[in-house]
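**Student:** Sequence:
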Amino acid sequence: MIFALSLTGPTASGKTALSLALAERLGAEIISSDSMQIYKGMNIGTAKATAEEQARVKHHLIDFLDPRESYSVERYRTDAMCAIRDVHSRGRLPMLVGGTGLYVSALVRGSLEDSPESSPEFRESLLSLAESDSGKEELWQRLLSVDPESAEKIHKNNVKRVIRALEIYEATGRRKSELDRETRMAHTEVCVGMITLDFHSRDTLYSRVDKRVDIMMEEGLLSEVEGLYREGMLLPETTAAQAIGYKELIEHIEGRSSLDCAVESIKLATRRYAKRQLTWFRHVEGAKRIFADSEGGSMKGEEELLSEALSLYGELLSDFKKKTAADA
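Here numbering that gives the first Met the number 0 is used: the first residue of the sequence shown is 0, the next is one more, and so on.
Derived by calculation from the structure, the hints in this document are not laboratory data. Ideal Cβ positions, reconstructed from N, Cα and C, are used throughout, including at glycine. Check before you lean on any hint, since a few could be wrong.
Unchecked claim - Taking lysine-lysine and the BS3-like style, the derived pairs with C-alpha atoms no more than 25 Å apart in a straight line are:
| # | residue 1 | residue 2 |
| --- | --- | --- |
| 1 | Lys-266 | Lys-320 |
| 2 | Lys-210 | Lys-274 |
| 3 | Lys-39 | Lys-266 |
| 4 | Lys-159 | Lys-135 |
Claimed, not checked - Across the chosen pairs, the derived CB separations fall in these ranges:
| # | residue 1 | residue 2 | range |
| --- | --- | --- | --- |
| 5 | Glu-130 | Ser-310 | 52 to 62 Å |
| 6 | Ser-222 | Arg-67 | 29 to 39 Å |
| 7 | Arg-281 | Glu-23 | 24 to 34 Å |
| 8 | Glu-123 | Glu-177 | 49 to 59 Å |
| 9 | Glu-130 | Gly-219 | 51 to 61 Å |
| 10 | Ser-88 | Glu-23 | 19 to 29 Å |
Kindly produce the complete structure, drawing on both the sequences and the hints.
**Tutor:** Here is the structure:
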């Protein structure tokens, strides 16, 4: 089994600086677990690693996808597993870094529960069918025709699970039973030890968010979005066009809001996203927490955070070795 380290936390929490220091100390390579850093050209707004930072530590799964293309949690899990195997094969430590909870969860839990959903229209059609007299039977028969293995395991009265299996097939083009097998294989192949950055003071985090947005604007975020928009890279129906910072500035470019309003909207949306991230990672079983700030709200120094992270890495690695020894 491969041991991989994961560093998570909310946006603007200091993951990048800590991850670079950790990677250099541990001989690691960074595998991004950020759902927006995958897109080419979206550099400033996604806080993508700079050329200098990538020269310090090798990065994987960033800057490789056209913004007009779609990407799924399942595809990420497959790509991340390939990267983990590659890094491990060269005697380096795979280190997942990012704040996209679904991506991290797909590897930590080895679960398909976070697979992308089908279109709302498709789900609504299934729910409507389920309410008809013969709906449950028809749904189950439909599942039987596309994924007989899953149908045999799911009772026809369990409408929720039947619909979920049909959604997975609709969204991915693959059977749930097939993906389940791959998930189990991946879950037994890698053990992810998670360290997550947390905050005593929500106000401290929010202040960092606002400052970061201001810095992004100073670095040319508006010009970046304008360039991608003019090139037709941010189509309304794409995931990339919904990214925080891009969505709001597109509204400004299209004349639907002032620049000041757009910037304030970015800050608000980012603060709300950071709050959701904090909640998500606090509920991940087995994660080790580091507080980026003191109880008084002041930020800790990089050396203090690095020391705490190295200590927790030692604990996670020790737990992993005990587990593999017990399973042997």
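**Student:** Could one say that the CB atoms of Ser-88 and Glu-23 fall in the range 19 to 29 Å?
**Tutor:** holds (20 Å)
**Student:** Confirm or reject the claim that Glu-130 and Ser-310 have a C-beta distance inside 52 to 62 Å.
**Tutor:** The hint (52 to 62 Å, Cβ to Cβ) holds, given that Glu-130 and Ser-310 are roughly 55 Å apart.
**Student:** Starting from the hint 29 to 39 Å, judge whether the C-beta atoms of Ser-222 and Arg-67 obey it.
**Tutor:** violated (20 Å)
**Student:** Would the hint linking Lys-39 and Lys-266 be met if the CA-CA limit is 25 Å?
**Tutor:** holds (23 Å)
**Student:** Below or equal to 25 Å on CA atoms is what counts here, so check Lys-266 against Lys-320.
**Tutor:** Judged against 25 Å, a Cα distance of about 43 Å means the pair is violated.
**Student:** Check the hint pairing Lys-210 with Lys-274 against an upper bound of 25 Å on the C-alpha distance.
**Tutor:** holds (16 Å)
**Student:** Between Lys-159 and Lys-135, does the CA-CA distance stay at or below 25 Å?
**Tutor:** holds (10 Å)
**Student:** Given the hint of 49 to 59 Å, is the C-beta distance from Glu-123 to Glu-177 inside that range or not?
**Tutor:** violated (26 Å)
**Student:** Assuming the hint says 24 to 34 Å, is it satisfied by the Cβ distance from Arg-281 to Glu-23 or not?
**Tutor:** holds (28 Å)
**Student:** Take a look at whether the Cβ-Cβ distance between Glu-130 and Gly-219 falls inside 51 to 61 Å.
**Tutor:** holds (52 Å)
When held up to the earlier numbered hints, the structure conflicts with 1, 6, 8 and fits the remainder.
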